[in-house]
Amino acid sequence: MTDTITITGNLATAPTEQQTGSGDPYTRFRVASPNRRRDTRTGEWVDLDPNWYTVLAFRSLASHAVASLEKGQRVIVTGALKVRRWEREGKAGTEVEVVADALGADLRFGTTRFSRAAPAAGTAGAEGQAAAGAPPADWEAAPVAAGDGYAGETPF
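According to this note's numbering, the sequence shown holds residues 1 to 156 in order.
A few of these clues could be false.
Said to hold, decoys possible - Under the rule of at most 25 Å between Cα atoms (straight-line distance), these lysine to any residue pairs were calculated in the SDA-like manner:
{"id": "1", "residue 1": "K71", "residue 2": "T8"}
{"id": "2", "residue 1": "K71", "residue 2": "G90"}
{"id": "3", "residue 1": "K71", "residue 2": "P50"}
{"id": "4", "residue 1": "K82", "residue 2": "V46"}
{"id": "5", "residue 1": "K82", "residue 2": "N35"}
{"id": "6", "residue 1": "K91", "residue 2": "A117"}
{"id": "7", "residue 1": "K71", "residue 2": "T40"}
{"id": "8", "residue 1": "K82", "residue 2": "G21"}
{"id": "9", "residue 1": "K82", "residue 2": "T94"}
{"id": "10", "residue 1": "K82", "residue 2": "F109"}
{"id": "11", "residue 1": "K71", "residue 2": "D49"}
{"id": "12", "residue 1": "K82", "residue 2": "T42"}
{"id": "13", "residue 1": "K71", "residue 2": "R41"}
{"id": "14", "residue 1": "K71", "residue 2": "R116"}
{"id": "15", "residue 1": "K82", "residue 2": "D39"}
{"id": "16", "residue 1": "K71", "residue 2": "Q19"}
{"id": "17", "residue 1": "K91", "residue 2": "T6"}
{"id": "18", "residue 1": "K71", "residue 2": "T2"}
{"id": "19", "residue 1": "K71", "residue 2": "T42"}
{"id": "20", "residue 1": "K91", "residue 2": "T8"}
{"id": "21", "residue 1": "K91", "residue 2": "R116"}
{"id": "22", "residue 1": "K71", "residue 2": "G43"}
{"id": "23", "residue 1": "K82", "residue 2": "R38"}
{"id": "24", "residue 1": "K82", "residue 2": "T6"}
Hints were generated in silico from the structure; no laboratory data involved.
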């Protein structure tokens, strides 16, 4: 069973294009989702520790993210939730990943202009669009980086 999640937050790391073992493009970046609550005594908003997510995007979605998104930008991400445990150099932890189906700029605080990309060779219609954003078969074999992208301070 796959859990679907939608998050909003700020890009803590810039998306950079990489390749899977089979040569398909992908990107991996971190998103910090703000966690705020209203103090009932003062009526003020209080910032708590953000929730951190590693976002993965594949194929054309990865290429479009690299071309469109920048560190610090507020984004919306929808995709499959995956929770992975990792162990490295005597340390262990848990990483929360979102394998993106869709992502883009959050328009609450700004504007953007959309440019449709030319279809990739060999894809057509909705079937091609679905395949273009789907993760390749070998993506889960990639190791999880310990502490990837967060060094204890808010990076934006």
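Right, here's what the structure says about each hint:
1. Annotation: proposed proximity of K71 to T8 holds, straight-line Cα distance about 14 Å (limit 25 Å).
2. For the proposed pair K71 and G90, the alpha carbon gap of about 30 Å is over 25 Å, so the pair is violated.
3. For the hint linking K71 to P50, the alpha-carbon distance of about 16 Å falls within 25 Å, and the restraint holds.
4. For the hint linking K82 to V46, the alpha-carbon distance of about 29 Å lies beyond 25 Å, and the restraint is violated.
5. Between the alpha carbons of K82 and N35 the distance comes to roughly 20 Å, so the proposed pair stays at or under 25 Å and holds.
6. Between K91 and A117 the CA atoms are separated by roughly 42 Å; this puts the pair beyond 25 Å, and the hint is violated.
7. Proposed proximity of K71 and T40 is contradicted: the alpha carbons are some 33 Å apart, above 25 Å.
8. At most 25 Å may separate the alpha-carbon atoms for a hinted pair to count; K82 and G21 meet this at roughly 21 Å.
9. Taking the CA atoms of K82 and T94, the gap is near 10 Å; set against the 25 Å cutoff, the hint holds.
10. Distance restraint check for K82 and F109: the Cα-Cα separation of roughly 29 Å exceeds the 25 Å cut-off, and the hinted pair is therefore not satisfied.
11. Taking the CA atoms of K71 and D49, the gap is about 19 Å. The hint holds against a cut of 25 Å.
12. A hinted pair counts as satisfied when its Cα atoms are at most 25 Å apart, and K82 with T42 does not qualify at roughly 38 Å.
13. For the hint linking K71 to R41, the alpha-carbon distance of about 35 Å lies beyond 25 Å, and the restraint is violated.
14. Distance restraint check for K71 and R116: the Cα-Cα separation of roughly 22 Å lies within the 25 Å cut-off, and the hinted pair is therefore satisfied.
15. For the proposed pair K82 and D39, the alpha carbon gap of about 32 Å is over 25 Å, so the pair is violated.
16. Taking the CA atoms of K71 and Q19, the gap is about 20 Å. The hint holds against a cut of 25 Å.
17. Proposed proximity of K91 and T6 is contradicted: the alpha carbons are some 29 Å apart, above 25 Å.
18. Simply put, K71 and T2 have alpha-carbon atoms about 28 Å apart, too far for the 25 Å limit, and the pair is violated.
19. In summary, the hint linking K71 to T42 is not supported, as the alpha carbons are separated by about 33 Å, beyond the 25 Å threshold.
20. Between K91 and T8 the alpha-carbon distance is near 29 Å, which puts this suggested pair outside the 25 Å criterion.
21. As the CA atoms of K91 and R116 are separated by approximately 44 Å, the hinted pair breaks the 25 Å bound.
22. Straight-line distance between C-alpha atoms of K71 and G43 comes to about 31 Å, which puts the hinted pair past the 25 Å bound.
23. A threshold of 25 Å between alpha carbons decides the hint, and for K82 with R38 the separation of about 30 Å lies outside it, so the pair is violated.
24. For the suggested pair K82 and T6, the alpha carbons sit about 13 Å apart, so the restraint of at most 25 Å is met.
Consistency with the previously given hints fails for numbers 2, 4, 6, 7, 10, 12, 13, 15, 17, 18, 19, 20, 21, 22 and 23, ordered from lowest to highest.
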